[in-house]
Amino acid sequence: MVTIEEKRVRQTTPAGFTSEPPKIPLSEVQTIVNWIVGQSGVSIPQIPLSQFQAMVNGIVQQPGVPVPLANALMAASWLAEVRAFRELEEKLMLEGKYEASLQDHRVYLTDLIAQGETVVWAARKRGLDATPVKFTIDDLDSTLESLHTTFRGEHGPQNPQKTNELISQLFDVSEP
Amino acid sequence: MSRNREIEAILEAWWRLDYCAPSESADSKRALDQLLDISVAKSQGQCTREQILTYLWPRYREYRLEKRKKEQVEIAQAALKKS
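From first to last, the protein sequence lines stand for chains A and B.
By the numbering used here, the letter at position 34 of the first sequence is numbered 34, and the numbering carries on one by one without gaps.
By the numbering used here, the letter at position 36 of the second sequence is numbered 36, and the numbering carries on one by one without gaps.
For reference, chain A alone in the conformation it holds in the complex:
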């Protein structure tokens, strides 16, 4: 049985909801990368998400790494994957392949949500070291909630018709 700690450092492979390896803009990981490699002003155009995640996993598995710091690094890794997921959604929409990918989308999103639940739980339970990152537990929670919203919208049950009629009246959709 996989323990919570094992899940914390596990590698995940999206089930088919991939095209080319997503990349992370430097602006999103500069702080983390500089801190990790102990260098400043190093120019790295972009690094593949998988490489960043491997780097993070390698560090958090080291003995003696404080748990709040490990949680911060894992959270950064998860956030990078969330961004990559959003970019991939749009790419598939632009290419007209999104509808055909919805089964994979559901699986990938479910996994991303599960990872996020673990990240938020771990941060609340054992702390989040804000030193190398600029986000808070509330930020993580809000990002997680946005994924839940995406899941409900794309894969969840539809509103009853009566509810939709009520809502359309609230917005008075006849108004331009």
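Derived from the structure by calculation, the hints contain no laboratory data.
For every residue, glycine included, the Cβ atom is placed at its ideal position computed from N, Cα and C.
A couple of the hints might just be wrong.
[Said to hold, decoys possible] Which chain A residues stay away from chain B? Per the calculated CB distances, all over 12 Å, these:
1. Q51
2. G58
3. Q62
4. G64
5. P68
6. L69
7. D104
8. I113
9. I137
10. P160
11. T163
[To be verified] In silico lysine-lysine, DSS-like type, Cα no more than 25 Å apart, as pairs:
12. K97/A <-> K67/B
13. K69/B <-> K97/A
14. K70/B <-> K97/A
15. K67/B <-> K91/A
16. K81/B <-> K67/B
17. K91/A <-> K70/B
Knowing the structure of chain A, use the given hints to seat chain B on it.
Just chain B, lined up with the frame of chain A:
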């Protein structure tokens, strides 16, 4: 598909939540929730934030696509000006 200003504001706030920097997520969610709560209050509690988002989901998908296409056009135009 025509949209009114309230819907447009919600879609824009929703988009900001999905695409903001991680450190701005909590603030972006609060902004979106405030807009949704206006509609929830108008419904006198007959609908929830989640139901409103579910109702608006198809429009949001379209909104995201439009925004991305517009951004691509702007990038292409900027590149043409430089060359």
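Here is what the structure says about each hint:
Residue placement check: Q51/A keeps its beta carbon more than 12 Å from all beta carbons of chain B (closest about 19 Å). No beta-carbon of chain B comes within 12 Å of the beta-carbon of G58/A; the shortest separation is about 22 Å. Look at Q62/A: its CB is around 24 Å from the nearest CB on chain B, clear of 12 Å, so calling it non-interface holds up. With a closest Cβ-Cβ approach of about 27 Å to chain B, G64/A is found to remain outside the 12 Å limit, as its non-interface label requires.
With a cut of 12 Å on Cβ distances, P68/A stays outside the contact zone with chain B, its closest approach being about 17 Å. Its beta-carbon lying about 17 Å from the closest one in chain B, L69/A satisfies the requirement of being farther than 12 Å from that chain. Every C-beta of chain B lies more than 12 Å from that of D104/A, the closest at about 17 Å, which supports listing it as non-interface. Every CB of chain B is more than 12 Å from the CB of I113/A (nearest about 14 Å), matching its label as outside the interface.
Residue-level check failed: I137/A sits 9 Å from the nearest beta carbon of chain B, not beyond 12 Å. For P160/A, the requirement that its beta carbon stay farther than 12 Å from each beta carbon of chain B is not met, with the minimum near 9 Å. Residue-level check failed: T163/A sits 5 Å from the nearest beta carbon of chain B, not beyond 12 Å. At roughly 18 Å between alpha-carbon atoms, K97/A and K67/B fall within 25 Å of each other, so this suggested pair holds.
A threshold of 25 Å between alpha carbons decides the hint, and for K69/B with K97/A the separation of about 16 Å falls inside it, so the pair holds. For the hint linking K70/B to K97/A, the alpha-carbon distance of about 19 Å falls within 25 Å, and the restraint holds. With a CA separation close to 13 Å, the supplied pair K67/B and K91/A stays within the 25 Å bound. A threshold of 25 Å between alpha carbons decides the hint, and for K81/B with K67/B the separation of about 21 Å falls inside it, so the pair holds.
Of the pairs offered as hints, the one joining K91/A and K70/B holds, with about 14 Å between alpha carbons and a cut-off of 25 Å not exceeded.
Of the numbered hints listed earlier, those contradicted by the structure are 9, 10 and 11.
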